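Trainee: So you can see what is in the structure, the chains are spelled out below.
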Amino acid sequence: VTPTCDSVRALLADFVGGDLVPAAAEGVRRHLRGCAACRNEAVGWQQARKALRGFGAAVPRAADEAMFVDLHASIVAAVASEPRPSSVRVRRFPARLASVAAALVCFLVGWWSVAAREPLSLLQRDAVGAGPAVAASAASTATGGVSVVPWAGGRVALRPLAFHDQEPAGGGMMERLRLRTLEQVELPLGAVAEPRQQPPSRLPR
Amino acid sequence: MAQFAAHLKRSLADPAGSGSELSLPAGLPAVVQRLASDGAVGDAELVREALAGGQDHFAALVARYQKRAFWVAYHVVGRVEDARDVTQDAFVRLFRSLASYDFARSFYTWFYRIVMNLAIDHLRKIRSRRAGSLEDVLGGLPDEREAPGSLPLELDEQHGQVWRVLEKLDAKFRAVLVLRDIHGLSCREIAPMLRITHATARWRLHRGRQVFRDAWERLTGRAEP
Numbered sequence: 062v063t064p065t066c067d068s069v070r071a072l073l074a075d076f077v078g079g080d081l082v083p084a085a086a087e088g089v090r091r092h093l094r095g096c097a098a099c100r101n102e103a104v105g106w107q108q109a110r111k112a113l114r115g116f117g118a119a120v121p122r123a124a125d126e127a128m129f130v131d132l133h134a135s136i137v138a139a140v141a142s143e144p145r146p147s148s149v150r151v152r153r154f155p156a157r158l159a160s161v162a163a164a165l166v167c168f169l170v171g172w173w174s175v176a177a178r179e180p181l182s183l184l185q186r187d188a189v190g191a192g193p194a195v196a197a198s199a200a201s202t203a204t205g206g207v208s209v210v211p212w213a214g215g216r217v218a219l220r221p222l223a224f225h226d227q228e229p230a231g232g233g234m235m236e237r238l239r240l241r242t243l244e245q246v247e248l249p250l251g252a253v254a255e256p257r258q259q260p261p262s263r264l265p266r
Numbered sequence: 625m626a627q628f629a630a631h632l633k634r635s636l637a638d639p640a641g642s643g644s645e646l647s648l649p650a651g652l653p654a655v656v657q658r659l660a661s662d663g664a665v666g667d668a669e670l671v672r673e674a675l676a677g678g679q680d681h682f683a684a685l686v687a688r689y690q691k692r693a694f695w696v697a698y699h700v701v702g703r704v705e706d707a708r709d710v711t712q713d714a715f716v717r718l719f720r721s722l723a724s725y726d727f728a729r730s731f732y733t734w735f736y737r738i739v740m741n742l743a744i745d746h747l748r749k750i751r752s753r754r755a756g757s758l759e760d761v762l763g764g765l766p767d768e769r770e771a772p773g774s775l776p777l778e779l780d781e782q783h784g785q786v787w788r789v790l791e792k793l794d795a796k797f798r799a800v801l802v803l804r805d806i807h808g809l810s811c812r813e814i815a816p817m818l819r820i821t822h823a824t825a826r827w828r829l830h831r832g833r834q835v836f837r838d839a840w841e842r843l844t845g846r847a848e849p
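Protein sequence lines correspond, in order, to chains A and B. FYI, in the working numbering the residues of the first sequence are 62 to 266. FYI, in the working numbering the residues of the second sequence are 625 to 849.
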């Protein structure tokens, strides 16, 4: 098998089917005259095509003239029961426009629901509990009250053990007691303040 | 008009290429017979008159195209009853959508597209039904329905072998192969019917022929081991 044979064999299907331009068909014909292997290959293509066309020419017994007469009558009868087609050409534009609009709305709703859920970066998030809660936490932070971790949610409001703008807490027992009672101090936590824990009913004295 | 006349002549010829003439159905009313066989009356004119309420004109369209539609459908679905149903369905759909016919385009391309789409849909339904019947068999129940690969009763053994091969072809290859190699349409005509490009039609034809030939040679024992 030479490269010429390969290129000819690639054309055999079209050659046998009559789909080659005359110049190419003549080239294939010339090659087949001198190449028995390719000729044998072409015979295979011809036999397959002949079988296919034979199948096409076969008329099944059930498809006789009476069937076609009956088919024509049944088609005409079926169509007679249909409403008359409108001669006004149906405009498809509104339907297409509506489908595009629906797709756009779906896209926007989907995008909004995803985009509005949470910012990408923790640092870009707002403080938990917008509005009064933010103001409250900011005010309390400014006064050294409570700092709210912005991204952690309202239930994780941190309470410092000591205020930095006050004197450092001492190590004495009274000082620790003072720190533990800090929770009783009125802190402007607003809406984000977690439920207060009741101080121990009996404090050690 | 010359193109239409040529097509009409071809459409009245045997689709299988045997050269015999396919007559119009017998027993047609005289006016329908005259309209259907008159090459001077184009398809577009018949459509226009049918839209205006001319039932005879639509009947003439049916007479003109029903055999062609039937044979295309038959060579795709492989059974007379199924092809008959597809043909009737195609004409009903044609009637319903007459108003959307673009008079600047070829009628038969448009109509054949309807026929081919319905035939391919029908084929897929048959295949999925067969898949269902296979599940029944696996479930241990005897299935009296048609098994995959069984022959249509109307075909003899020789054509049954071809049908077995065709049946295994993918619908998109089968459609092009039937239209080109059995019905003699060119790839330029086939492409708009199947809503594909000319290059795609040619590729599918080439590939379909290859697959058909390989399967045919395997079946008939000509294939090299």
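Keep in mind the hints are simulated off the structure, nothing from the lab. Accuracy of the hints is not assured; some may be wrong.
[Claimed, not checked] Subject to a maximum C-alpha distance of 30 Å in a straight line, what follows is the list of computed DSS-like cross-link-like pairs (lysine-lysine):
#1 Lys749/B x Lys796/B
#2 Lys796/B x Lys111/A
#3 Lys749/B x Lys792/B
#4 Lys111/A x Lys792/B
[Stated by the list, open to error] Here are some of the chain B residues that sit facing chain A, going by a computed Cβ distance under 10 Å:
#5 Leu675
#6 Gly677
#7 Val686
#8 Trp695
#9 Arg748
#10 Glu813
#11 Ala815
#12 Leu818
#13 Arg819
#14 Thr821
#15 Ala823
#16 Thr824
#17 His830
#18 Gln834
#19 Phe836
#20 Arg837
[Unchecked claim] Some chain A residues near chain B, calculated using beta-carbon distances under 7 Å:
#21 Ala86
#22 Phe129
#23 Ala138
From a predicted model like this one, the values you see are computed outputs, not experimental measurements. We put the CB at the ideal spot given by N, CA and C, even for glycine.
Trainee: Run every hint past the structure and note whether it holds.
Mentor: Verification of the supplied hints:
Proposed proximity of Lys749/B and Lys796/B is supported: the alpha carbons are some 15 Å apart, at most 30 Å. A hinted pair counts as satisfied when its Cα atoms are at most 30 Å apart, and Lys796/B with Lys111/A qualifies at roughly 21 Å. Simply put, Lys749/B and Lys792/B have alpha-carbon atoms about 15 Å apart, close enough for the 30 Å limit, and the pair holds. Note on Lys111/A and Lys792/B: the hinted pairing holds, with a Cα-Cα distance of about 18 Å set against a maximum of 30 Å.
A cut of 10 Å between beta carbons decides the hint on Leu675/B: the least distance to chain A is about 5 Å, and the hint holds. Interface restraint check: Gly677/B against chain A, minimum CB-CB distance 6 Å, threshold 10 Å, status holds. The interface hint given for Val686/B holds, since its Cβ lies 5 Å from the closest Cβ of chain A, which is under the 10 Å cut-off. A hinted interface residue such as Trp695/B counts as satisfied when its beta carbon comes closer than 10 Å to some beta carbon of chain A; here the least separation is about 8 Å, so the hint holds.
With a cut of 10 Å, the hint placing Arg748/B at the interface with chain A is violated, because the nearest CB-to-CB distance is about 21 Å. Evaluation of the Glu813/B hint against chain A yields a violated restraint, the C-beta minimum of about 13 Å exceeding 10 Å. For Ala815/B, the shortest C-beta to C-beta distance to chain A is roughly 14 Å, which exceeds 10 Å, and the interface hint is violated. Restraint check, Leu818/B versus chain A: the minimum CB separation of about 17 Å is more than 10 Å; hint violated.
Annotation: Arg819/B was flagged as interfacial toward chain A, and the flag is violated, the nearest CB pair being 16 Å apart, outside 10 Å. A hinted interface residue such as Thr821/B counts as satisfied when its beta carbon comes closer than 10 Å to some beta carbon of chain A; here the least separation is about 16 Å, so the hint is violated. The interface hint given for Ala823/B is broken, as the beta carbon of that residue sits about 13 Å from the closest beta carbon of chain A, more than 10 Å. The beta carbon of Thr824/B comes no nearer than 15 Å to any beta carbon in chain A, farther than 10 Å, and the hint placing it at the interface is violated.
Proximity of His830/B to chain A holds as hinted, the smallest CB-CB distance being about 6 Å (cut-off 10 Å). At its closest, the beta carbon of Gln834/B sits 6 Å from a beta carbon of chain A; the interface hint therefore holds under the 10 Å criterion. Given the 10 Å rule on beta carbons, the hint for Phe836/B holds: about 6 Å separates it from the nearest Cβ of chain A. The criterion of a C-beta within 10 Å of any C-beta in chain A is met by Arg837/B, whose closest approach is roughly 4 Å, and the hint holds.
Checking Ala86/A against chain B: minimum C-beta separation of about 15 Å lies over 7 Å; hint violated. Look at Phe129/A: its Cβ gets to within about 5 Å of chain B, closer than 7 Å, so that hint holds up. Look at Ala138/A: its Cβ only gets to about 10 Å from chain B, farther than 7 Å, so that hint breaks.
In terms of the numbered hints stated before, the structure departs from hints 9, 10, 11, 12, 13, 14, 15, 16, 21 and 23, listed from lowest to highest.
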